[in-house]
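Visitor: Once you've looked at the hints, go ahead and assemble the two chains, each given alone in its own frame, into the complex.
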Amino acid sequence: MQPVLEMRGITKRFPGVLALDNVDFNLMHGEVHALVGANGAGKSTLMKVLAGAYPDYEGQVAIAGRVCEMRTPRQAQQSGVAVIHQEFSLVPTLTAAENIMLGMEPRRSTSFPGNMLLNKKALAERSVRLLGELGFTAVDPRARVSDLGVAEQQLVQIAKAIAANARILVMDEPTARLSRAERDELFKVMFRLRDAGTSIVYISHFLEEVFRVASRVTVLRDGQVVAVRAVDELDRRTLVHHMLGREITAGDKVRLEDSSTHGRQSAGKGEEIMVVRGLGRRGKFEDVSFSLRRGEILGIAGLVGSGRTELARAIFGADGSVKTGSIKMKGRDYAPSNPRAAVASGLALLPEDRKQQGLVLVRPVSDNVLLPVTATFTRGPFLDHRRRKQQVSSMTTRLNIKSASPAVQVGTLSGGNQQKVVLAKWLSASPDILILDQPTAGVDVGTKEEIYLFLRQLAAAGRALIMISDDPEELSRVCDRVMVMQRGRVVRELDGDFAVSDVLTAVTGDY
Amino acid sequence: MKSFVRSYGMVIILVVMFALLYATVPTFRNPQNLLNLLQQNSVNAIIASGVTFVLITGGIDLSVGSTAALAGMAGAAVMVRHGILLGVLAGLAAATAAGLLNGLLISRAGIVPFVTTLGVQTLTRGILYIATNATPIYGLPFEYMRVGLGNIGPFPIATSLAVVIAVVMQVLLKHTPYGQYVLALGGNEDATRLSGIDVKRTKTVVYTVTALLAGVGGLILLGQTNTGQPQAAVGYELNAIAAVVVGGTPLSGGQGSVLNTIIGVLVLGLISNALNLMNVSPYWQPAVTGLIILLAVGLDTATKGHR
Numbered sequence: 001m002q003p004v005l006e007m008r009g010i011t012k013r014f015p016g017v018l019a020l021d022n023v024d025f026n027l028m029h030g031e032v033h034a035l036v037g038a039n040g041a042g043k044s045t046l047m048k049v050l051a052g053a054y055p056d057y058e059g060q061v062a063i064a065g066r067v068c069e070m071r072t073p074r075q076a077q078q079s080g081v082a083v084i085h086q087e088f089s090l091v092p093t094l095t096a097a098e099n100i101m102l103g104m105e106p107r108r109s110t111s112f113p114g115n116m117l118l119n120k121k122a123l124a125e126r127s128v129r130l131l132g133e134l135g136f137t138a139v140d141p142r143a144r145v146s147d148l149g150v151a152e153q154q155l156v157q158i159a160k161a162i163a164a165n166a167r168i169l170v171m172d173e174p175t176a177r178l179s180r181a182e183r184d185e186l187f188k189v190m191f192r193l194r195d196a197g198t199s200i201v202y203i204s205h206f207l208e209e210v211f212r213v214a215s216r217v218t219v220l221r222d223g224q225v226v227a228v229r230a231v232d233e234l235d236r237r238t239l240v241h242h243m244l245g246r247e248i249t250a251g252d253k254v255r256l257e258d259s260s261t262h263g264r265q266s267a268g269k270g271e272e273i274m275v276v277r278g279l280g281r282r283g284k285f286e287d288v289s290f291s292l293r294r295g296e297i298l299g300i301a302g303l304v305g306s307g308r309t310e311l312a313r314a315i316f317g318a319d320g321s322v323k324t325g326s327i328k329m330k331g332r333d334y335a336p337s338n339p340r341a342a343v344a345s346g347l348a349l350l351p352e353d354r355k356q357q358g359l360v361l362v363r364p365v366s367d368n369v370l371l372p373v374t375a376t377f378t379r380g381p382f383l384d385h386r387r388r389k390q391q392v393s394s395m396t397t398r399l400n401i402k403s404a405s406p407a408v409q410v411g412t413l414s415g416g417n418q419q420k421v422v423l424a425k426w427l428s429a430s431p432d433i434l435i436l437d438q439p440t441a442g443v444d445v446g447t448k449e450e451i452y453l454f455l456r457q458l459a460a461a462g463r464a465l466i467m468i469s470d471d472p473e474e475l476s477r478v479c480d481r482v483m484v485m486q487r488g489r490v491v492r493e494l495d496g497d498f499a500v501s502d503v504l505t506a507v508t509g510d511y
Numbered sequence: 001m002k003s004f005v006r007s008y009g010m011v012i013i014l015v016v017m018f019a020l021l022y023a024t025v026p027t028f029r030n031p032q033n034l035l036n037l038l039q040q041n042s043v044n045a046i047i048a049s050g051v052t053f054v055l056i057t058g059g060i061d062l063s064v065g066s067t068a069a070l071a072g073m074a075g076a077a078v079m080v081r082h083g084i085l086l087g088v089l090a091g092l093a094a095a096t097a098a099g100l101l102n103g104l105l106i107s108r109a110g111i112v113p114f115v116t117t118l119g120v121q122t123l124t125r126g127i128l129y130i131a132t133n134a135t136p137i138y139g140l141p142f143e144y145m146r147v148g149l150g151n152i153g154p155f156p157i158a159t160s161l162a163v164v165i166a167v168v169m170q171v172l173l174k175h176t177p178y179g180q181y182v183l184a185l186g187g188n189e190d191a192t193r194l195s196g197i198d199v200k201r202t203k204t205v206v207y208t209v210t211a212l213l214a215g216v217g218g219l220i221l222l223g224q225t226n227t228g229q230p231q232a233a234v235g236y237e238l239n240a241i242a243a244v245v246v247g248g249t250p251l252s253g254g255q256g257s258v259l260n261t262i263i264g265v266l267v268l269g270l271i272s273n274a275l276n277l278m279n280v281s282p283y284w285q286p287a288v289t290g291l292i293i294l295l296a297v298g299l300d301t302a303t304k305g306h307r
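Protein chains in written order, with the working numbering: chain A, 1 to 511; chain P, 1 to 307.
I should point out that these hints are in silico values taken from the structure, not numbers from a laboratory.
Please read all numbers here as calculations on a predicted model, not as lab measurements.
Be aware that one or more of the hints could be misleading.
Claimed, not checked - Computed cross-link-like contacts, DSBU-like style, restricted to lysine-lysine with a CA-CA straight-line distance of at most 30 Å:
(1) P:Lys174 / A:Lys355
(2) A:Lys328 / P:Lys174
(3) A:Lys402 / A:Lys253
Stated by the list, open to error - Counterexamples of contact, computed for chain P against chain A with all Cβ distances above 10 Å:
(4) Pro26
(5) Pro154
(6) Val171
(7) Leu183
(8) Gly187
(9) Ala191
(10) Ile197
(11) Trp284
(12) Thr301
(13) Ala302
Cβ coordinates follow ideal geometry from the N, Cα and C atoms, glycine included.
If we strip away everything but chain P, and leave its shape as in the complex, we get (with noise of 0.2 Å):
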């Protein structure tokens, strides 16, 4: 019973919590709802997927927000002068770039996750208000907003776009050597050393990856907007890790997985969603959400039998 509690408690929670809506309230199962649902956490999704490799080798990663704002405003700068491939090519440099940035300093330099990624995430911010005096870049394609806001037949680009990144995340954690050494290394980083395994490159390629999806996740929301901000995406490298830890991956690293992740972007966007049908006011957000967080980690540690 435990073990099945422990596999499957965010899943049970979230059909529960979604038959509830759908039966109690109207607005909740109007298709245009559950479409929006779905592209509103696509980025999300998207940076979380990345997050969850890094955790599991037991890193943080605190730039992510800032590295998505940077896909964003260089794709912008880009793009308003040369188009949007350019653009779009211009936005993923500079976010791998900052991804290698962070997975250089974290495996060879040896500066610990959590101080190097915040630096990263400073300085970046810190770049794009320097570089565009804290000022929007305005003017681009008006094509490109299909990125953000279009359609793929009923489902939103951006959804899609989550869905398949998700998938081959998870296959690229589960079912390849790569993956292996990710979980391998993040359980004992010396043994899996020792194993004749090169950790440094391993850690350094999930950053950069990580920094990728960022980048994804930056130039979707610039084509929600299409306006190159550079105060976006603040404060969204924090509801990634709470998706990643409600979906049930601990900090301490070796395991888990990309779709207990997805799991827990859902759960998180559900309640944000129901909270707004039901007309609570926006203030109560954070408090229910960081209520989740600490439920789902709670039930978590109580099925493993901690004492």
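Isolated chain A (complex conformation) (with noise of 0.2 Å):
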């Protein structure tokens, strides 16, 4: 059978980097083909070629066969290949009906001057037509793009490509940012295009969903292909074996190697450093109590919505101060109103959207990690660049973050190493208290053991740790206890031998 879309020996270099080499990927009709490898393997890279987004790679694409120039994102379009990215490509002040169909909105004729203005009633009909046809009924073709949800953007994305006549969809970490029912909605969705003949490259972090959704997986390494397998011939450990060439031991609590007494502390440990006793925001979170003490992990599990990032954004005093409850730090009392004075209590956030919150994105590897502490390594009035170059230095060090070099932006690093940026500038601060609000979204199977570990490892150095996460694994694994919050609220508190399912459970069940 001819494929659909098939990419042959796709080079593409960067100044310094040979980010795709001599690359092979094929996509039959009517099926999910998982794109896989670790952050920086090359899958968005090839992505962007298919998508048009580089005028000069080598090698061929054929769509159908025939060889397509995609040298620019409307002669990809043209060739019939929409792209639903991460961050999403609508115009928020628009309609979802005016969305989906921008750039082809119906006129009132086909002559002058008809064909001038817009037939709106046209333009609705067929929006709310398409939108049926799809079975995105929860889509309200009158709301403002701005007013919906994630997971009701992402629909309208795929409407707008749809109605494009999109026959090859690229559906790029489609679910980092869904709740787990809109994630299986969203697979519902997939499945019914991919039945109606559209064929879906799928790339993710989440092995699971590969296993899940795909018929076929290609796995990227350093650019290159390693594996083409369809996915009954496929384990979970397999395929992270091909991603990464060597294996990791998933499932297995996170254990330090030099002594095993501090896989999993007991609570009783360390010293109550933290109490916080009825706190509450209005319309966020209510009455949480919970205390924690240096050397342990405190995993919050819950849901989007469930407020576990507000609750982190008003202990760090992110949204200003709170009005009800109290929070005792090394038993003073502590009421942040801003994050100067959280900081300067020794606490740090490394906030849920690194590249909104997390980092100066413009600016070098080198300022970033030493933004926090800038104030400290000085001379006189001065900046000390001496000592400012050995801090950032022992810091890439010590977290193993690949850069060409400290003077390189922030945002030219992959997803994996930029999280480490933002923890480096934390641990410059050397806080008490670290705050991490789901530090492995975005990240490969490799980088986030590295993370895993070294989170334990600050542990053991006698910080107390809080960590917000969505992947039920990750909390079991890392966490000495889990806190699981619900519609503002804590609702159960995992302490002891805990395992995923667990995890699992306490955050899906009924309260």
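Guide: Here it is as structure tokens:
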């Protein structure tokens, strides 16, 4: 059978880097084909070639057997390729219907002057019909996109792609910001599209999803294809092995090698450093109480909207003072009204969205790493460039941050390395309490393991950590205790010996 | 090659232009003309040094021209009665107050910089016209003209001031924590705030210092005419922004350098000087300047590989 898409010998160079090295990739009619690989393996670059983002790739792209030039986004679009990005490409101020029909709005008539005027009625009808055909009944076509939830926005993107006659959909980490239920709904949509003959390239860091939705997998490593397999021929272990070129033992508790007692400390060990009583913020979370000891990692589980991020931000003073409840830190009352006060008291927050809130992307790695401690690495009124340099190099070594030099912009690094820079930044400040909101989101499997180990080392060194995560496996592997939140309240606490399934049941349970 | 052009493009253009003019236009290499060139661009260099900081934060300041006029008028009014020193202090104080107003409205009240500084610009001019009935202030001490037109050794006082200010501002930007905060908040204000940095205060200081420098510029202008003019320095904000942009500091914030701005000032200054010497009608000047701005930004965008 002829593939719908055939990419042959694709090579793409960036200054100093060979991002793609003679890559072959093909996609069958009505197939969901997963593209996996560690961060920086070349997945995004390959899909950007397909989307016409690079005028200067080498190699050949054929759509339905016909060789096509993919030098501009327009050429890609005309060849029937559409990319559903992690970062959405919708106009937030327009309605769902207007977004779907953007660039192909129906006119009053085909001749002047009617062809200059919008036919709003036809526009509404067409988008309603399309949404109906796709079964996207949850989307109100008259709603502004900025008022829609993440999942609905994604459906609008898909509808827009289908309206533009896309036959090949590229979905780049589409579930990263979705809840479990929304994700299942998205999978149903994908299956319907697939059965109707659309071909889908699926990129995800969640390997369970790959096994669930894809029929074939192409694995990239360092810009080369290392395996193309049917999903049935693979298990998780082999897939990870292909991705990393080495073994990892997923599923086990993260332990430090030097001492097995550090693997999971009982909560009674360290000094109690923070006590939270009845903390609340109107409409976000209420009556949250917990305590935190040095040397432990407290996990917070919960779906998007459970109030977990708002809780973390409240403790850090990111949204101003909290009126309800109290926090004691090291025995003293603590009521941060801004992040500056929180940092001064020994707190740090690794925020949910590293690009928007964690990093200054246009600034160098070095400046980002030193940002919270800029004022301490000085000589008189001036920056002490020598000590700054030493600090950065010790941090990049300690966290194994891979960048050409500390002077390159953080924005040019891969997701995993960017996240390590955020970690390095807060370690420079040496906080007593480190709050991590989804520290491994968008990070590849290998880097995840490095981060887990690192967090355990921090705890072993006497710091207290709070870790928010979507991933039950990582919570059960890394945390000493897990607090489960639903609709703004703490509904359960897991302590002692708990497993992945316990976390999963607790999060999705009915209380 | 591309990165070389990106880093040194404007320096190359400046050197080539200078060499060409030096070789082909005899009046250009006259030392008096070269000193004039420096003298005439000193005020823009001083104001643009401050505006560089504003653009690095991702903001804009449309009020520096009116602030310069305010400093000149306040300075003139006080100087006529109480002497030069108090006059200068009064001018600087008035300018600083205008900058503080900008800074507080932007960082505390959250009004966007474009609107804030447009408002403060119009308000300041209006107040100057009301307070003076749009009449100039005469009768300044004659010695004050040295500030505008005098020399230290062979160099104009204004130019020496501009050099000192540019160096101080460059050191402030690249070698102090404050400069780091300015660069960081221009790149991502939220991330900078969440790093425990007082972004509000940092921004307020940026606008205040910029206004202070505009005040210095206004007081130098006062020294050139020795007359307080309420309509002085009209349009200077655009000259300053043009110099910063030609120098290569992007409007998107987070990056930039005062030295680049000085190169931008000199490129624009050389062009207008050359047009003068070659007896080109002054009507040509805005068009040529506009073209240079577009070329500079075009060159910058092209070398950054934007499609």
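Visitor: Report the numbers of all earlier hints that the structure fails to satisfy, in ascending order.
Guide: 2, 6, 7, 8, 9, 10
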